[in-house]
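Peer 1: Residue 1 is where the sequence shown starts when you use the UniProt record's numbering, and the numbers rise one by one after that.
Worth flagging that the hints you see were computed from the coordinates, not collected in a lab. One or more hints might be untrue.
What the hints assert, rightly or not - No farther apart than 20 Å at their CA atoms in a straight line, the calculated lysine to any residue pairs in the SDA-like style are these:
no.: 1; residue 1: K40; residue 2: A24
no.: 2; residue 1: K68; residue 2: Q52
no.: 3; residue 1: K54; residue 2: R43
no.: 4; residue 1: K40; residue 2: Q52
no.: 5; residue 1: K54; residue 2: E66
no.: 6; residue 1: K54; residue 2: R44
no.: 7; residue 1: K40; residue 2: K50
no.: 8; residue 1: K40; residue 2: A22
no.: 9; residue 1: K50; residue 2: T61
no.: 10; residue 1: K40; residue 2: G29
no.: 11; residue 1: K54; residue 2: V38
The model shown is predicted, which means the values in this text are computed figures rather than measured ones.
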Amino acid sequence: MGAVLLWVWIAVVVVALIILVAAAAPLAGRLGALHRAVLKLQRRQTEAMKLQEKAVVLEQTVAELEGKIAAIAARSERR
Numbered sequence: 001m002g003a004v005l006l007w008v009w010i011a012v013v014v015v016a017l018i019i020l021v022a023a024a025a026p027l028a029g030r031l032g033a034l035h036r037a038v039l040k041l042q043r044r045q046t047e048a049m050k051l052q053e054k055a056v057v058l059e060q061t062v063a064e065l066e067g068k069i070a071a072i073a074a075r076s077e078r079r
């Protein structure tokens, strides 16, 4: 009786492992897609940071040009 009970428990564990593997297999397949998505997001974040830096430089350039325009306008009004 004890040996039969042992085999029943072994069968239950084996079936549980089979179910676990069957459930985990599709998830493992999705890991590759998730990894690619993470890499794509990291690339886009890097690009966004570079664009932000360029925007700051552009804002500074515009501010300098506005200052020069204001100075030229002030000089032309004095004449």
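Peer 1: Does each hint fit the structure? Answer for all of them.
Peer 2: For each hint, the structure was consulted:
no., hint, result
1, K40 to A24, "violated (25 Å)"
2, K68 to Q52, "violated (24 Å)"
3, K54 to R43, "holds (17 Å)"
4, K40 to Q52, "holds (18 Å)"
5, K54 to E66, "holds (18 Å)"
6, K54 to R44, "holds (15 Å)"
7, K40 to K50, "holds (15 Å)"
8, K40 to A22, "violated (29 Å)"
9, K50 to T61, "holds (17 Å)"
10, K40 to G29, "holds (18 Å)"
11, K54 to V38, "violated (24 Å)"
Of the numbered hints listed earlier, those contradicted by the structure are 1, 2, 8, 11.
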